[in-house]
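Once you have looked at the hints, place chains S, V and R with the ligands on chain U.
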Amino acid sequence: MSETVEKPIEELESVIIRFAGDSGDGMQLTGTQFTNTTALLGNDISTFPDFPAEIRAPAGTLPGVSGFQLNFGSRRILTPGDSPDVLVAMNPAALKVNLRDLARGGTLIANEDAFTAQNLKKAGYASNPLEDGSLNGYQLIKVPVTFLTMQGLKELGLPKSTAERCKNFFALGLLCWLYDRPIEPTLRWIEERFGKLPEIAEANSTAIKAGYYFAETTELFPKHYQVKKAPIEPGKYRKITGNEAAALGFVAASRLAKTPLFYGSYPITPASDILHELARFKNYGVKTFQAEDEIAAVTAVIGAAYGGALAVTGTSGPGVALKSEAIGLAVMVELPIVIANVQRAGPSTGMPTKTEQADLFQAVLGRNSESPVAVVAPATPADCFAMAIEACRIATKYMLPVFFLSDGFLANGAEPWKIPALSELPSFAIRHASANGGETFQPYSRDEETLARPWALPGTPGLEHRIGGIEKANLSGNVSYDPDNHAAMVKLRAEKVERIANDIPLLQVKGQPEGDLLVLGWGSTYGPITAAVEQAQHEGLKVSSAHLRYLSPFPRNLGEVLGRFDRVLLPEMNMGQCRMLIRARYLKDVVGLNKVKGRPFMISEILAKIHELLEKGERA
Amino acid sequence: MSETVEKPIEELESVIIRFAGDSGDGMQLTGTQFTNTTALLGNDISTFPDFPAEIRAPAGTLPGVSGFQLNFGSRRILTPGDSPDVLVAMNPAALKVNLRDLARGGTLIANEDAFTAQNLKKAGYASNPLEDGSLNGYQLIKVPVTFLTMQGLKELGLPKSTAERCKNFFALGLLCWLYDRPIEPTLRWIEERFGKLPEIAEANSTAIKAGYYFAETTELFPKHYQVKKAPIEPGKYRKITGNEAAALGFVAASRLAKTPLFYGSYPITPASDILHELARFKNYGVKTFQAEDEIAAVTAVIGAAYGGALAVTGTSGPGVALKSEAIGLAVMVELPIVIANVQRAGPSTGMPTKTEQADLFQAVLGRNSESPVAVVAPATPADCFAMAIEACRIATKYMLPVFFLSDGFLANGAEPWKIPALSELPSFAIRHASANGGETFQPYSRDEETLARPWALPGTPGLEHRIGGIEKANLSGNVSYDPDNHAAMVKLRAEKVERIANDIPLLQVKGQPEGDLLVLGWGSTYGPITAAVEQAQHEGLKVSSAHLRYLSPFPRNLGEVLGRFDRVLLPEMNMGQCRMLIRARYLKDVVGLNKVKGRPFMISEILAKIHELLEKGERA
Amino acid sequence: MNESNGDKERGQTEVLSLTRKDFASDQEVRWCPGCGDYSILAQVQKVLPTFHLPREKYVFISGIGCSSRFPYYMKTYGFHTIHGRAPAVASGLKCVRPDLSVWVITGDGDALSIGGNHFIHLMRRNIDLNVLLFNNRIYGLTKGQYSPTSELGKKTKSTPMGSLEQPLNPVAVALAAGATFVARTIDTEIKHLQQMLERAQQHKGTSFVEIYQNCPVFNDGAWESLTDKATRSDHVLTLEHGKPLVFGKENEKGIRLHGLRPEVVALDAVAKDDLLSHDEKLDDTTLAYMLSRFDMPQLPVPIGVFRAVEKPTYENLMQRQIDVAIETQGEGDLEALLHEGDTWVVQ
Amino acid sequence: MNESNGDKERGQTEVLSLTRKDFASDQEVRWCPGCGDYSILAQVQKVLPTFHLPREKYVFISGIGCSSRFPYYMKTYGFHTIHGRAPAVASGLKCVRPDLSVWVITGDGDALSIGGNHFIHLMRRNIDLNVLLFNNRIYGLTKGQYSPTSELGKKTKSTPMGSLEQPLNPVAVALAAGATFVARTIDTEIKHLQQMLERAQQHKGTSFVEIYQNCPVFNDGAWESLTDKATRSDHVLTLEHGKPLVFGKENEKGIRLHGLRPEVVALDAVAKDDLLSHDEKLDDTTLAYMLSRFDMPQLPVPIGVFRAVEKPTYENLMQRQIDVAIETQGEGDLEALLHEGDTWVVQ
Ligand SMILES: Cc1ncc(C[n+]2csc(CCOP(=O)(O)OP(=O)(O)O)c2C)c(N)n1
Ligand SMILES: Cc1ncc(C[n+]2csc(CCOP(=O)(O)OP(=O)(O)O)c2C)c(N)n1
Ligand code: SF4
Ligand code: SF4
Ligand SMILES: [Mg+2]
Ligand SMILES: [Mg+2]
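Protein chains in written order, with numbering that gives the first Met the number 0: chain U, 0 to 619; chain S, 0 to 619; chain V, 0 to 346; chain R, 0 to 346.
Pulled out of the complex, with its shape left as it was, chain U reads as follows:
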């Protein structure tokens, strides 16, 4: 592809690019294609899209800006990156919204054609930032993207609007050259995707090529960059988002358990995509049920669990609130259900498209009376696969509701996923009770190890029994108002959850097993915490990290691990919910680092706190 004189190429360890434009500009597509190409090159990657709240806010306005950030490198990449090295701004609004994140001195590639008086006004600019010197601190590269795209497509004789809509491919081509990525994968993709619309296919192919060649030729880009393969574990990979991984995990669990999956849900951002994904898997026997509301979703799921299905419901925080009463019923009747909560920023409707991890209290404690459940939380997008399976395994083994706490950051973020061999997946057999020659069936008898009651399915001869939300007599399951029975049952239900601790991995410490400071995390903070701690360790600080993927019960050794460190820092995207649970239980003065901005932690934020704590205390 490089027929002209080669420009010099410089090697980089990692790059963070953010594509930003109007929602109509196709930035998600550009970002995704760039990511796919990058993945195929063997870089490690992490991505995060930033959707606007409106479906289609008026073109050119600030609320209409859509962004996509990608971090890729020849070393391990743990987050989508703190601040972009390169910002591609397709219009003034995109610049306005995103500039504050761009690293000082970073590269800004702007589509200068879009900086019209009207667009500047819509974005609230008094003067044109491309001209007024306000961007002096950055490496500004103005490209007339629209004009060049139209030029490139002139010969195709397309309507103006169609041609113009290809400008994202032009930009993609440009970036491909700049970071030395081949455009062939995208050309192939265009072929597949638009095969039936040859005009569009040709327009897009032409546009990406035009961008590529333009970059190669123009003096605007005196050199380009190379990011070598990352030392990734060998294997077959695919890129996966948290919601995709969760959906796959539930299907996998269903197959592993040889039990059909029933997914009952009411659409809600950012959980709806799990429903959409699962609705595609009908040939896997998956039944999806779009209920009239969240209450119907969770109660239908309870009915399905009663009938013997692997029963999962998915929603976000406000939906969980509505499901609380029914989850209490599942606790009482001891049926296995999984509640996937893709957390978003709240309270109330809050900021639906933004991330947060503030529904931990709701999961652990948000029901009437003593109503214990299990809670797991994936650490990365790909980990949603493993933890979805775990949630199903625990629910069916212990006969209780299990929360799967993902969040908007994991749900929409993507990373490479090493596709596991089927043999690596946990196996879990499901046993259903069957009649046992003459003996009286006791629906509330218990497994000695797990304390689970038998999962006895309607339709099984001889096991006819009644369950319900009124307190049950142990063993017989009859309605009971007996005071001692109630006390015993309350304790049994709690003990059942506690026993799970024997069945989950111990908490692993990364770094020294003891020391000045442990940075503890849970859920989607894994990436930034790990990166920050690795950096601090690199600086020679005596700091370790550990990550909770099980929140109820906690891993058995949590107390002991906490005891081995002088101080414990717990960064959370909430006001200290996990911290409070830990303080109450272990009476350890855990320090919080709390961020509630609808955005994930930056590595630098955590690193700064580590520095602060270790300066105040002793320095390694």
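Just so you know, these hints were derived from the structure itself, not from any lab. Among the hints, erroneous ones may be present.
To be verified - Non-contacting residues of chain V with respect to chain U, defined by C-beta distances greater than 12 Å in every case (computed): (1) K20; (2) D227; (3) T230; (4) A324; (5) L333.
Claimed, not checked - Only pairs whose alpha carbons sit at most 20 Å apart, straight line, appear in this in silico EDC-like list of lysine to aspartate or glutamate: (6) R:K310 with V:D294; (7) S:K417 with R:E339; (8) S:K153 with S:E163; (9) U:K120 with R:E334; (10) S:K257 with S:E423; (11) V:K142 with S:E53; (12) S:K608 with U:D483; (13) S:K596 with U:D588; (14) S:K235 with R:E330; (15) S:K257 with R:E330; (16) S:K257 with R:D283; (17) U:K417 with V:D332; (18) U:K417 with V:D341; (19) S:K95 with S:D81; (20) U:K587 with S:D565; (21) S:K120 with V:D294; (22) V:K310 with R:E150; (23) S:K257 with R:D98; (24) S:K235 with R:D332; (25) U:K95 with S:D483; (26) S:K257 with R:E150; (27) S:K417 with R:D332; (28) U:K608 with U:D588; (29) U:K587 with S:D588; (30) U:K596 with S:D565; (31) U:K235 with V:D25; (32) V:K156 with S:E53; (33) S:K6 with U:D481.
Every residue gets a Cβ at the ideal spot worked out from N, C-alpha and C, and that includes glycine.
Same frame as chain U, but now just chains S, V and R with the ligands:
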């Protein structure tokens, strides 16, 4: 009334009587009448009814048993009593259910006519306990109540079933003589109540007299007892249950605030009586709204608050679960609502007629995201009046949702209430925003002291504004997805709750201000804790008590008080919910005493724990 | 709540010979004396054996209310869920277990107050469930507040000066929501009640049966004019498919349509052919809807089947999509699924 | 979201002279280009000034959905609540503030899916609210799942092989639940939409207006056959009180009743007197219900007022009980209340 030779009379300091019979036997009425008479005599009292779960379980069966316990004395009475001194059992089922509570050596008055073969069988007795010697440990007094009642009424020529139904009045007469209570108040009551049914009135009057004279005459009762007036604070008193007091409190708050009361509710045990009470107060301008479900109840209440009403919703635990999402909305739009939760035993449907205080987590933490609210909890039935007013005062002053956490024990329990003078009631003026000459109205501007936003009512010219569940920009109230604004608002909402601590009483310690052991309580455990600690102090132990009526925020001095004691014991009718909140916040190793039996604590249970702790530790 | 399971191995003959007693659980029935629920329980226990299904195939699912205690008394599978949600629980069950005969037991408060949303959506989904609504026009279990079917002006504990709302008509709402089978009967009409239960079981799709039920404790006599021997035949109109609408002690009265306005006519004055005839099989629900609105004193109250039309059931459509997907895409293979989409190999 | 309040002291004359612009807030409207919601917003802003009510008397209350963003664009009081609950929030408000003109803005998902229960109960309560349901037969805000009004077999993200449920007919459900005012109109029928808004405002009691609304992004053309110039007049039947049902480009077609079965007839073959006439004032809802079921291709789709009957409103009945209680028992006195019942004095 005493024409015959006076039998000897013995003085007692206090007596605990339990009336028990079939739900059809009128035991609640008997208990209530005895209580009223006792109150008029100037004794201190405390009562607690124990309803069956069924509306009318089949006559004579165990689930059909209805009980009413009364503790009265010439000293301060803090609870309905641990174990009855006297059990009145109107049938075998009543005996079976209640005998285990009767104090060893206690008096058992049994209606021997009801101990028929059929009734014995229904209650599961193989032989007649009145005959088989199994009751030897008690002072058994067999009275043919049914026969004697019929005898007494013979001359009235009533149908058999009508006559028989008067037997509770016979029993009441009997007890009146035994404890030297006049029957005149009851005769007056019968007159009023059955004035329009002279036959029934005469039958009941005749029966109570028959019982009284029988007791006076028969040799079954060689002596009777006297319980002198208690040294009660002078004033005018009435007997009141927690639900009655709560209803009165809400009406009083409405009057004090000069703001009409709107009560939206969906019936649920044991909260429905608040709705029933309030529905009677239409001439106080009270509007009650029986909604189609709990969600409609709370959202209608939010609408009413928006319109400027004093807006209260009432329910029990499962209903609160359903209201969680909407309470989050009230948090976000910062409108004042009160959520009265009359807690019952759970989880799920649980044991609806039984008490528990296990919804504290749900109140404080049971919503999606960071959603802080205020929580108050009355300590006694009469305290429901004061705390209902407090809930309204705090909600309207700070513009936020306030939980009022009562429970089944308080709701149905009764005690004498010294009727306050109007001048003793807290005054609280409500201010509504009004237009302010040309200035832009800021619906999210804040009061400097309370951080409350203005309560601006629709209909006010010039204040037109929009609110909603999406995150609000501070000051303007516009929709905002700004990260820093969100963080600021999350903190503001939390800070608003914290500021309430400046506006509520400090925690008072009863007993030494510091020492070996503090017994801390909240809600309805007040009676048994106070009684147990007084007893322990009497025994010379260095133990004090303190009671939390504010759970969110905690009183400002809580940490400091905790610090003054070596150990802190926190008895709760749950598995340690308040304890966890305190441990997390103050890192104090608070010890729990947890009872989840659907029943209040006995004084002895708490006393035993005090002994245990002080024996293990140092003894005063 | 336990059963011995000695009957595990029973064959078809035994199934055929089940009796009413085989459907009674060991739990003591705990409704108030005289409660209409007893009769409904008895009729259900009587008709089930006639369906020749083994006991384990039945599931009774209820919400909360006096009526909702029903499952405890049936020696079948039973699930006493939470208030208002039985239709949704049953829907989930039936979606995954089309082999079971699933019955929803609910009250007027349970189905139409807190459960109103699930009720209308169940009707339009047409899942093959049998829904029995015990309508006593009151909240029994919570001791007597007015319900959505209580008459306007009803005085109860929560409405001492009378309620303020027009009652909901369960049959009309079910029809408007698209129910394929709708019937009404009365607790005391033993034979008719049995017939309606049979019809409900025969119907494939959601079968909704409203049962007028007396609550002697909190709303005694709510349906008295329909059950009292003296007035019954003048007040009750029994619907029969294809038959003209006649009623009265000697079937001496009939219903004629005047435009869209129904009127009572004396049969001696009018030919039978001029009477309105019932047709439960109409796709258009106008007639059924009109009948559902008949009320005293102008018109007699209809009981019987208002509508019975066959439509595909939700659970069958659901299964059909799965079958088609498997036919066209092949039975899903987990390995293939995991490797779906763009992949790359790192050596 | 702020208003200057300079207009606090304005008098009646000023009220009379409000214009459309006075009802537009300073917030940028953020629906997709071409969304039918724009037209509805415009018509509301146009008709409000004609009611001669000052701006502060209006409250717009919505749930969640694209349509529910409506209140932000109105320079009146507004409350964007939570999904499905606007009817209940509005009910609470109207109970305590009968002086306000309260409008509920909702979508097909908001009103009929999650909010279905509040919807039917609002209809039977007859609280004086105006409910505008923007029916685009899709979930817009959550990006295109099928809704309760979507046609059977609808392919969406959540139903790639087609949805399995019969759609709900909002007008039929409202009628069955007892609504006193029910109308239907179309986003593009500007004049008709305005008329319906006026009628809704005039009606005392719950006014329900279903508005067919196009969502060009996720369900474009859902109502095309009713809005397309070429087909419109053959597919839309405009209801007018007291007038026979006629339609067609030259009003050349009418509806005649055959027993209970409506049929389309050519007007040249049939006398106008033989046609079915519309009557929105009937207490019996059978006619209105029948009309609500008219659908293509057999019958034209009616727009206009299906029903408009006066009944006491809930909030008035509520207030009347309070007035009566005060009349008979005297205005409540807190002192007396506290001292109610048995009391005793301790010296
Ligand atoms: C969430 C919730 N809210 C309220 C209740 C209280 N509750 C139980 S049954 C019932 C109404 C019962 O009425 P209905 O359905 O007519 O049944 P009936 O008792 O008359 O048979 C109510 C309000 C509850 N159990 N759960
Ligand atoms: C409790 C809850 N569940 C789900 C959602 C997600 N949600 C928001 S709007 C909506 C449906 C919108 O459809 P509709 O009411 O038809 O409005 P439209 O967007 O089409 O105008 C859903 C499912 C939510 N906000 N809250
Ligand atoms: S309260 Fe009424 S409905 Fe309930 S069991 Fe008693 S009689 Fe039956
Ligand atoms: S998604 Fe549809 S309904 Fe929503 S704003 Fe866009 S066009 Fe309108
Ligand atoms: Mg009922
Ligand atoms: Mg819609």
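Tested hints:
1. Consistency note on V:K20: stated as away from chain U, and its beta-carbon is indeed over 12 Å from all of that chain's, at 14 Å minimum.
2. Distance to chain U confirms V:D227 as a non-interface residue, since its nearest Cβ pair spans about 36 Å, more than 12 Å.
3. Non-interface call for V:T230 relative to chain U: holds, since the shortest CB-CB distance, roughly 39 Å, exceeds 12 Å.
4. Against chain U, the non-interface label of V:A324 is violated: not every CB pair exceeds 12 Å, the least being about 4 Å.
5. V:L333, annotated as away from the interface, has a beta carbon of chain U within 12 Å; the closest lies near 5 Å.
6. A distance of roughly 19 Å separates the Cα atoms of R:K310 and V:D294; the hinted pair therefore holds under the 20 Å criterion.
7. Of the pairs offered as hints, the one joining S:K417 and R:E339 holds, with about 13 Å between alpha carbons and a cut-off of 20 Å not exceeded.
8. The straight-line distance between the Cα atoms of S:K153 and S:E163 is roughly 11 Å, inside the 20 Å bound, and the hint therefore holds.
9. The straight-line distance between the Cα atoms of U:K120 and R:E334 is roughly 64 Å, outside the 20 Å bound, and the hint therefore fails.
10. With a C-alpha separation of about 17 Å, the suggested pair S:K257 and S:E423 falls inside the 20 Å cut-off, and the hint holds.
11. Only pairs whose Cα atoms come within 20 Å are accepted, and V:K142 paired with S:E53 is accepted, the gap being roughly 10 Å.
12. At most 20 Å may separate the alpha-carbon atoms for a hinted pair to count; S:K608 and U:D483 meet this at roughly 19 Å.
13. At most 20 Å may separate the alpha-carbon atoms for a hinted pair to count; S:K596 and U:D588 exceed this at roughly 34 Å.
14. Under the criterion of a C-alpha separation no larger than 20 Å, the hint pairing S:K235 with R:E330 is inconsistent with the structure, at around 23 Å.
15. The straight-line distance between the Cα atoms of S:K257 and R:E330 is roughly 14 Å, inside the 20 Å bound, and the hint therefore holds.
16. Of the pairs offered as hints, the one joining S:K257 and R:D283 is violated, with about 44 Å between alpha carbons and a cut-off of 20 Å exceeded.
17. Simply put, U:K417 and V:D332 have alpha-carbon atoms about 18 Å apart, close enough for the 20 Å limit, and the pair holds.
18. Of the pairs offered as hints, the one joining U:K417 and V:D341 holds, with about 12 Å between alpha carbons and a cut-off of 20 Å not exceeded.
19. The straight-line distance between the Cα atoms of S:K95 and S:D81 is roughly 18 Å, inside the 20 Å bound, and the hint therefore holds.
20. Restraint check: the Cα-Cα separation between U:K587 and S:D565 comes to about 19 Å, which is no more than 20 Å; the hinted pair holds.
21. In summary, the hint linking S:K120 to V:D294 is not supported, as the alpha carbons are separated by about 48 Å, beyond the 20 Å threshold.
22. Under the criterion of a C-alpha separation no larger than 20 Å, the hint pairing V:K310 with R:E150 is consistent with the structure, at around 15 Å.
23. Taking the CA atoms of S:K257 and R:D98, the gap is near 19 Å; set against the 20 Å cutoff, the hint holds.
24. About 18 Å separates the Cα atoms of S:K235 and R:D332, which keeps this hinted pair within 20 Å; it holds.
25. A threshold of 20 Å between alpha carbons decides the hint, and for U:K95 with S:D483 the separation of about 16 Å falls inside it, so the pair holds.
26. A C-alpha spacing of about 52 Å is found between S:K257 and R:E150, which places the hinted pair above 20 Å, so the restraint is violated.
27. For the suggested pair S:K417 and R:D332, the alpha carbons sit about 18 Å apart, so the restraint of at most 20 Å is met.
28. Between U:K608 and U:D588 the CA atoms are separated by roughly 16 Å; this keeps the pair inside 20 Å, and the hint holds.
29. This hinted pair checks out: U:K587 and S:D588 have alpha carbons roughly 11 Å apart, not beyond 20 Å.
30. With a C-alpha separation of about 41 Å, the suggested pair U:K596 and S:D565 falls outside the 20 Å cut-off, and the hint is violated.
31. In summary, the hint linking U:K235 to V:D25 is not supported, as the alpha carbons are separated by about 59 Å, beyond the 20 Å threshold.
32. At roughly 18 Å between alpha-carbon atoms, V:K156 and S:E53 fall within 20 Å of each other, so this suggested pair holds.
33. For the hint pairing S:K6 with U:D481, the CA-to-CA distance comes to about 42 Å; that exceeds 20 Å, so the pair is violated.
Violation of the numbered hints given earlier is confined to hints 4, 5, 9, 13, 14, 16, 21, 26, 30, 31, 33; the remaining hints are satisfied by the structure.
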